[in-house]
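Below, each chain spelled out in residue letters.
Protein chains: 2
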Amino acid sequence: MLVEKNLIEFIDEVKSSNPTPGGGSVSALVGGIGGALTNMVGNLTIGNKVYDQVPENVKEKMEANFKEIENSVEKLVKIIDEDSTAFDGVMKAFKLPKNTDEEKKARSQAIQEGYKEALEVPLRCAKECLNLLELQEVFATHGNVNAITDVGVGTLLAYSGLEGALFNVTINLKSIKDETFRKEIEDTVNTLLTKGKATKEELLKVVYERLG
Amino acid sequence: MLVEKNLIEFIDEVKSSNPTPGGGSVSALVGGIGGALTNMVGNLTIGNKVYDQVPENVKEKMEANFKEIENSVEKLVKIIDEDSTAFDGVMKAFKLPKNTDEEKKARSQAIQEGYKEALEVPLRCAKECLNLLELQEVFATHGNVNAITDVGVGTLLAYSGLEGALFNVTINLKSIKDETFRKEIEDTVNTLLTKGKATKEELLKVVYERLG
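Just so you know, the sequences run in chain order A and B. Residue numbers for the first sequence follow the working numbering, beginning at 25 and rising by one. Residue numbers for the second sequence follow the working numbering, beginning at 25 and rising by one.
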C-alpha cells in the first residue's frame, strides 16, 4: 500500500514512469497533510493558555471542527490508495472483446461506466478538501497565533488538493458521452472550484492579517 | 528522520501537539512531490511516442530541466528534516544566562543570530520552489498531454511550497531587530511571491487550455 511507503519511497514512486501514483493520489495526500496541520494548530490551541481567551461558543465549534477534520483526514488517507486503482475498470473494459456488434456495444458501455466510476474518487477527494477549507476557518480566526503560519500552509494544501482532484475529474469527464451526466458533473466541478477559491482567499486574508 | 517515516506516521507526527514537523517541513515535502510529479510527466514524454512531435531545441531544454528538477527534489527532501531543527538555535539562545548586562547582551545577540539562521531554511525552500515552477514550463507546454493534469498538480504543489515557506520566513523576520537585514529579506519575500504567483498563473493557463 502507498500509505505504508516512507516519504522517500513515495516520492520515488511518484517520479517513476508508472502513471500511478499520480496527481490524484497526491491531491488526496496533500489535502490530508493540510488537515493534519490544522489538527496540530488545534492541539496547540485547545486546552492551552491561549484557549482562555477563546469565547465559549467558539470553543464548542473549534472542538467539533477538530473532530470533523480528524475524520476528513482519515477519508483522504484512504483515497491515496483508492485513486491509484480508480482507473482499473476503464483499463479492464478496454480489454473486452470487440468482434461482434454486441460485443462492441457491451465494451463501449463498460468503458463509459469505468470512466464514471473513475471520476467518483477524485470528486470525493475534492468535496472532502472543500469541507476541510470550511472547517479551517475557526482555526484561522481563533487558533493560537504562534501557529498562524501552519493554518496558512494547511489552507494552501487543502486548496491544492481540491483543484488538483478536480483536474482529474475533468480529464475523465472528457471521455464520457452521456450529456446529462457530463453537464451535471461540470456544474459540480465549477461550484466546488468557485467555493474553494473564495474560502481559500478569505482564509489567507485572515492568515496574513494575523501574521502582521 | 522524518523522510524515513511512512505516510501515515508522517501525518500523525504533523498532527501531534509538537510544533515540528510543521508548515516548514511540509512546504518542502509538498514542493518535492510537485517536482517528482513533473519528473513523472518527463518520464511519460521523453523517449515515448509523443516525443517525436517535440521540436529538437525543446527536447534539449526538456532533458536539461528534467535533471535540474531531480536535483531540486533532492534539495527539497533534505529541507524536510532540516526545517524541523532550524529553530533549535533560537531555543538554545533563549536558555542562555541573563544575570549580568554582558550576559543579557550576548543572549540577545545569540537570539537574533538564531532567528536569522532559522529563516534561511524556509527561504532556501521558497527559492527552490520558484526554480521548480520555472523548470515546469516546458512540461506544461510540450509534455505528454495525457499527463497534463499531473503538470497541473505539480504546479499547485510547487506554488504551495513557495508561499508556505515564505509564511515561515515572514514569521521569523518579525523578531529580527536589524532593520537593514529585515528590509532586504522583506524585498526578497515580495519578489519571490510575485514571481511565483505570475509563473503559477501562466502554467495553470496552459494546463487548462491543454485540458480543453
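Hints may be right or wrong, so weigh each one.
Treat identical chains as interchangeable: a pair holds within one or across any two.
[Said to hold, decoys possible] Straight-line distance between alpha carbons at most 20 Å, and here's what the computed DMTMM-like set of lysine to aspartate or glutamate pairs gives:
| hint | residue 1 | residue 2 |
| --- | --- | --- |
| 1 | K99 | E144 |
| 2 | K29 | D105 |
| 3 | K116 | E127 |
| 4 | K151 | E210 |
It is worth saying that the hints were derived from the structure and are not from the lab.
Find the hints from earlier in the document that the structure breaks and name them by number, from lowest to highest. none
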